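Undergrad: So you can see what is in the structure, the chains are spelled out below.
There are 2 protein chains.
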Amino acid sequence: MKNIISDPMHVINVGLARFTDSLSSQGVPVAACPWQPPAGGDPVLAWKLARLLNNPEVDKANEIAFSRYMESNPVLEGVGTAGKDIPGMDGKRILHSGPPIAWENMCGPQQGAVMGAILFEGWADTPEAARRMVEAGEVELAPCHHHQAVGPMAGVISPSMPVWMVRDAVHGNRTFSNFNEGLGKVLRFGAFGKDVLDRLHWMADVLAPVLQKAVEKMEPLEIKSLMAQALHMGDEVHNRNAAATSMFFRKLAPAALQTGMDPAQVAAALNFIAGNDHFFLNLSMASCKTMMNAAAGVKNSSMVTVMARNGVQFGVRISAFPDQWFVADAPMVDGLFFPGYSKNDAAADLGDSAITETAGVGGFAMAAAPAITQFVGGTVADAVKNSRNMQRITVGRNAAFTLPLLDFGGSAAGIDCRKVADTGIQPIINTGIAHKEAGIGQIGAGLTAAPLECFTQAIDALDASLHE
Amino acid sequence: MKNIISDPMHVINVGLARFTDSLSSQGVPVAACPWQPPAGGDPVLAWKLARLLNNPEVDKANEIAFSRYMESNPVLEGVGTAGKDIPGMDGKRILHSGPPIAWENMCGPQQGAVMGAILFEGWADTPEAARRMVEAGEVELAPCHHHQAVGPMAGVISPSMPVWMVRDAVHGNRTFSNFNEGLGKVLRFGAFGKDVLDRLHWMADVLAPVLQKAVEKMEPLEIKSLMAQALHMGDEVHNRNAAATSMFFRKLAPAALQTGMDPAQVAAALNFIAGNDHFFLNLSMASCKTMMNAAAGVKNSSMVTVMARNGVQFGVRISAFPDQWFVADAPMVDGLFFPGYSKNDAAADLGDSAITETAGVGGFAMAAAPAITQFVGGTVADAVKNSRNMQRITVGRNAAFTLPLLDFGGSAAGIDCRKVADTGIQPIINTGIAHKEAGIGQIGAGLTAAPLECFTQAIDALDASLHE
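Going line by line, the protein sequences match chains A and B. Letter by letter, the first sequence follows residues 6 to 473 in the numbering used here. Letter by letter, the second sequence follows residues 6 to 473 in the numbering used here.
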């Protein structure tokens, strides 16, 4: 035994940094071990977590949910029309991103996009008339997620819009997403001018038929494999889709030429896709939704199956309660702004695209996309650290999504709301930043994190269902 | 002052590891500093190097050569025909990779490719007749590099073959490369069966016209920028060109559709390119040749402008002596072999593709392509280490070719033969491995290194021209 008075000491300090500092200022060698009380020090939550973290039924349920997620095999089924193919898409219904929200509470870009969709559908002739229609309750608003759909940013999908249809070849569930319009003034950022509406009509009338017929000519496209390749090519398939779009285009173009359609129409369609690095994003999102749908509805599972934002609220769903939202205020995004814009211009976190992080890519796979650090801020080391850090709050790692910078280890996947609440580590999201006013568009990109409250609410609900 | 008998010591050992070992085995804290005598301990070479490394004329010449290399802007000019567009490509002339070599000394794959080219040209009807023609001296053999051309592996280019034409928009020089045939049984691995010849005819008759007209419809393609993007997408644009090919295809396909050519022909051409991840390699090589040509011919410059192999000899040229080859035996390639093959089946290092390393990409940019470590062996850390190590033997770093894993620092570029001879660090080359017999094809991929002898010969020549 050492004599702690006379012998030289080597100290390991657990927790508060102040003890470390005072010892090392006195020349005592000291190693700091970071520690903080579980559940942020909340005794009631800590107690619930202790019960849930030691509950083998939750572990077993998560294993089932995770293996369903892993088995899921999203295949590009084709192109449909929202009103015809999305279940429950009846009447004058418009879908939007994030958890449910009333018209009057919607953020600027989402209100603008809803008005644009009404004009696109021809339900009204002027923006004012469109606004009055919604205010009069003549248009039904519903989250995309209530219809197995996902949409980036405002996430607005109306009945006449063409949609990607993705089917899980293993579990059979079908998911949907709209088409990516490109950058600049576009509906998903709330723009509804003539150019925006003209483009939407062109996408429905010219682009969609080409894509539909081309997909019929293609070999069945297993999207997870394409995403996995893109993760080796600098994409994280949320904020960066340059490689995935290029590879998808390489498969699509030869098929489009086999359709026998008017060459000018085919050329116009291919030109549009070739000019948009983000074109694959919506397919990535629909595929992530497919994988998470496979994991949804497992009794007692604390695995997160949805994270989505409407620019006002951030909503989370977990596998055990597939129809319930756990919501909190949507956070602001910390990132780099395009010249002339700042944080003051930004809308809060917006869009269904956080389904990518829910599925273990996007911010969870930042290490795959070092080049994106130049776009969202931070260093390559930060990107690797973020990807490693996420491993502390997930059920497992996705062996199909390997990250070269983690020595080809799988990306962290299957967020466990118990671990988030226990460690206080918030799921990281790598996202675009919208201007808070309708129609101005993207003003930057950066990182944000899912609010802890969503996960603690989920813990309350899970604890109540299991132990009360 | 410490008393070295009684006081505790901390030792730094420079050089031989044995001293480090004996001290640390006695419990003395010791830091090892690697050091070895310059020029591998050769006193004559060391003396020449001392003179050359301290010669400001060489430094100044290298600055000029390096800045010409950096300024160079290779632009895709179009598609030509070797016999018509390559200067000096007259009569029955066939180009091959590497330094000059007589027919009887050629390796199997290169002999096979020459015979294949004779059959393709219709100069002979059977492989035996083709062989007799060459043996009778009726066919002129010359290195691609003597005609501003480059070709991967056997590197065979004959008069009727279509070629890429790349022009330096700054310095005006024009370079050439053949088209990539894909994998499997192909001419560049020495195959000359009917399928190989049929494909070559199809490439000349169907593919080339589509590419030629499509390039006319495209915006002028600045290839360096495309290469730089690919370096952020997991390519090192030598052994891996998946991203570059995809991005090139995205630009090419819409242009091909505007040519007004027969849609079936356009579709066949695009299908061929879409199916070959390596299609961009030959454009990468021609562009690297453009950049290195810009740097060639600067009096007193020790910067390497060519590294090329013919499967028997490895040849190097430096800027000061643009028409002189410094040759040594071609090394074997250390790598991973496809199932059923081993080192015993391998040809020695082969092809002009080391022009990519000469230009600061390929093995010099391994850190850009962590995924390739799975293909050539080694770890991501090795790839980063190799890219850093190459900085010790180059004139500078290419600020246009930034590598995410080096925190977006430029790739090491402009090999200085003085530094290679001084440090003994050999330029690393990331390459495919050919079967030693004609026509079997690629049997693996891996890393090799340029032989030191080539660089010490260049030192002798440079020292002689400056100091004698």
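Some clues are possibly wrong.
Claimed, not checked - Mimicking DSS-like on lysine-lysine, the simulated pairs with C-alpha atoms at most 27 Å apart in a straight line are:
#	chain 1	residue 1	chain 2	residue 2
1	B	LYS256	A	LYS229
2	A	LYS256	B	LYS441
3	A	LYS222	B	LYS256
4	A	LYS256	B	LYS65
5	B	LYS190	B	LYS390
6	B	LYS304	B	LYS65
What the hints assert, rightly or not - Now the stretches of chain A that chain B is said to cover, found in silico as 3 or more residues with beta-carbon under 8 Å:
#	region
7	244-258
8	371-379
9	403-414
Claimed, not checked - Label-pair restraints from in silico Cβ distances:
#	chain 1	residue 1	chain 2	residue 2	range
10	A	ASP200	B	GLN379	24 to 34 Å
11	B	ALA147	A	ASP200	56 to 66 Å
12	A	GLY189	B	GLY302	19 to 29 Å
13	B	LYS304	A	LEU188	31 to 41 Å
14	B	PRO61	A	THR428	57 to 67 Å
15	B	GLN31	A	GLY20	35 to 45 Å
16	A	ASP200	B	ASP210	55 to 65 Å
17	A	ALA269	B	ASP90	31 to 41 Å
18	A	LEU28	B	VAL16	23 to 33 Å
Just so you know, the hints here were simulated from the structure itself, not pulled from any lab data. It should be emphasised that the depicted structure is a prediction, and the values quoted were computed from it without experimental measurement. We put the CB at the ideal spot given by N, CA and C, even for glycine.
Undergrad: Check the structure against each numbered hint from earlier and tell me which ones fail, lowest number first.
TA: 2, 4, 5, 10, 12, 13, 16
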